[in-house]
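Asker: In the order they appear, the protein sequences are chains U and C. So the first sequence is residues 255 to 575, counted in the numbering used here. So the second sequence is residues -7 to 320, counted in the numbering used here.
Don't read these hints as lab results, they were simulated from the structure. Just to be clear, a hint being listed does not mean it is correct.
Said to hold, decoys possible - Computed cross-link-like contacts, DSS-like style, restricted to lysine-lysine with a CA-CA straight-line distance of at most 30 Å:
{"hint": "1", "chain 1": "C", "residue 1": "Lys246", "chain 2": "U", "residue 2": "Lys451"}
{"hint": "2", "chain 1": "U", "residue 1": "Lys520", "chain 2": "C", "residue 2": "Lys246"}
{"hint": "3", "chain 1": "U", "residue 1": "Lys451", "chain 2": "U", "residue 2": "Lys290"}
{"hint": "4", "chain 1": "C", "residue 1": "Lys143", "chain 2": "C", "residue 2": "Lys192"}
{"hint": "5", "chain 1": "U", "residue 1": "Lys520", "chain 2": "C", "residue 2": "Lys192"}
{"hint": "6", "chain 1": "C", "residue 1": "Lys80", "chain 2": "C", "residue 2": "Lys143"}
{"hint": "7", "chain 1": "C", "residue 1": "Lys246", "chain 2": "C", "residue 2": "Lys192"}
{"hint": "8", "chain 1": "C", "residue 1": "Lys192", "chain 2": "C", "residue 2": "Lys80"}
Listed here are the chains, written in short residue letters.
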Amino acid sequence: MSVSEAILEVDALRVHFHVPRGVVRAVDGVSLALRKGETLGLVGESGCGKSTVARAIVALVPTTSGDIRFRGESLIGLSRGRMRPLRRHLQMVFQDPYASLNPRMTIASTIAEPMRIHATVAPGDLDERVCEIMELVGLDPSMRRRYPHEFSGGQRQRIGLARALALEPDVILLDEPVSALDVSVQAQVLNLLEDLKARLGLTYLLIAHHLAVVRHMSERVAVMYLGRIVELADREPLYTEPIHPYTEALMSAIPVPDPVVEAERKRIPIEGEVPSPTATITGCPFRSRCPQAFERCEVEAPELEEHRPGHLAACHLPDAD
Amino acid sequence: MSAPLLDVRDLRTQFVTEEGLVRAVDGVSFPVDEGEIVGLVGESGCGKSVTNLSILGLLPQPQGRIAGGSIRFEDRELVGLSERELRKIRGNAIAMIFQDPMTSLNPYLRVEEQLAEVGQLHLGLSRPQAVARAVDLLDRVGIPDAVERIKSYPHEFSGGMRQRAMIAMALLCDPELLIADEPTTALDVTIQAQILELLKELRDERGMAIILVTHDLGVVAGMCDRVMVMYAGRIVEEASTVDLYATPTHPYTKALLESVPRLDERGHARLRSIEGLPPRLDRGPFDACTFAPRCGLVRDACLAGEPALQAFAEGRRRRCVLAPEEVV
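So here's chain U without its partners, still in its complex pose (with noise of 0.2 Å):
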């Protein structure tokens, strides 16, 4: 891919946390790409590192090594002042969207509040601008004076996005938008996410645990394991023909709504669970639970390579062939 295409660059991310027992590798060196225009899917299990990594993005969590680059500016490092420029293109949503709203904030301070903080609204114009942002998320702006609690969960959704939508970002980190929806809420949300894309020219990062959600919205799925990307592929390739045995079983455990399909699906078990985040891994951080790990799994961790064209994995496998 060229530079020029990736409008948000992450490269050799490294967070690690200091605990008591330990070392925390929470993403253990994650690279990778976003281009202009794109949705890119990006799931796991949790405590995979996925959330993280969007957290990292946005210098929620500090970074312990690597570079993040938006529009080819590095982010690492730069002072407050230099940063909220930046910022502004870069937002984030997130799953709860209670949490994630001040009570004591009337849905019009909360979506005015970013364009009040960056300036980028005159004063006498902000209730205006408030308004044509709630018809855009699809909320009836004489609603605005209202608190987050007067809302259903679908509503603060749209009250998140809204805030999100404030600055006229380019980019938008979507972690877990819809997981905490009922699902003809969430089907409502994620139409949503896709006509606002199209109409804005957005570009998703989107973080979920649900790779039918992913199949969906995104163009490209990378698939995480312990801190580290072990598959990143177009949706169809990765789905249909997936190189990764993690990618493969992930997949095959997930339940389709058709009784037919199930009876008929062969689920690949995957044996026991996720190593404790704190353990020293040798070798690849899957061996563990892998059906098809053999000696070099033990002492080697695969690098992920392109295995074909526009398809990476990290895996001996396909070189064992």
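Since the structure of chain U is provided, determine the placement of chain C on it from the hints.
Answerer: Showing chain C alone in chain U's frame:
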């Protein structure tokens, strides 16, 4: 035909709240046969969990009460039983597992204490017998090195292991009926697959019936023999799992199935969304179909009165004034 294991008839469960009377379950009837896995699906607040809490006699007090109907289990009426009587049934012939295992496990006691106690109290086993039985079951539900691990405290287990420990505890008394309320919702998918497989094996081995409450239509498709779809405290459709997914005949069921993205999706169809929200249950009783305000097929007849839940084919019931073929 013999009587069903569990027979719920016209169950009405209500909560007294500051906002008024909430009719959380409003006339729910269904049987569960021995060895059957029955799914209860629907979105938050539809009454699926309250139905189960009513069966278990675990409604929050003093707000919650069963205002009407009957719950017969093995030919015994559960509604109106004393807490003492209910306690003999609960955790014995009827067991339950929940989304969060820490609601069932005491964080201050070793797993061994908690599991052995059940065997001693309910089965009259000696302490060594009760421990041995607990170890057997932990082993059965897939906890490695159960003899040692039983000495752990719950927090020393991972989420998946705690769920297994809770299932082991539920199975100690060899229940006839297991009520599983979102048992895998908090778990990762690879662990979810292991737990669901385990539940199916246990049904096959022991002929235990399961009521599975879930919002995940994929889990239902893989697990259940029969499904009931709930909306606003009512059953709106009931069918065998295969029939329900092949030909949903209630507009809500149909919309629900079309609103979930599928892992085996080909191409890219826009998701069906259901605009609006379910009615507030403190505004009942209702004199029209409760789904009418969100239904794309609504007509005058839907607003003239609440449709009854009616059988229309073998094993199928629905609550809709339209003919089934008008919905399909």
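Asker: Each hint needs a verdict: does it hold in this structure or not?
Answerer: Hints versus structure:
1. C:Lys246 with U:Lys451: 28 Å, holds
2. U:Lys520 with C:Lys246: Holds, because 27 Å separates the two Cα atoms, which is no more than 30 Å.
3. U:Lys451 with U:Lys290: Between Lys451 of chain U and Lys290 of chain U the Cα gap is close to 11 Å, so the pair holds against 30 Å.
4. C:Lys143 with C:Lys192: 28 Å, holds
5. U:Lys520 with C:Lys192: Holds - the C-alpha atoms of Lys192 of chain C and Lys520 of chain U are around 15 Å apart, at most 30 Å.
6. C:Lys80 with C:Lys143: At roughly 27 Å apart (the allowed maximum being 30 Å), Lys143 of chain C and Lys80 of chain C satisfy the hint.
7. C:Lys246 with C:Lys192: The given pair, whose Cα atoms are some 27 Å apart, holds under the 30 Å limit.
8. C:Lys192 with C:Lys80: 26 Å, holds
Hint compliance for this structure: every hint is met.
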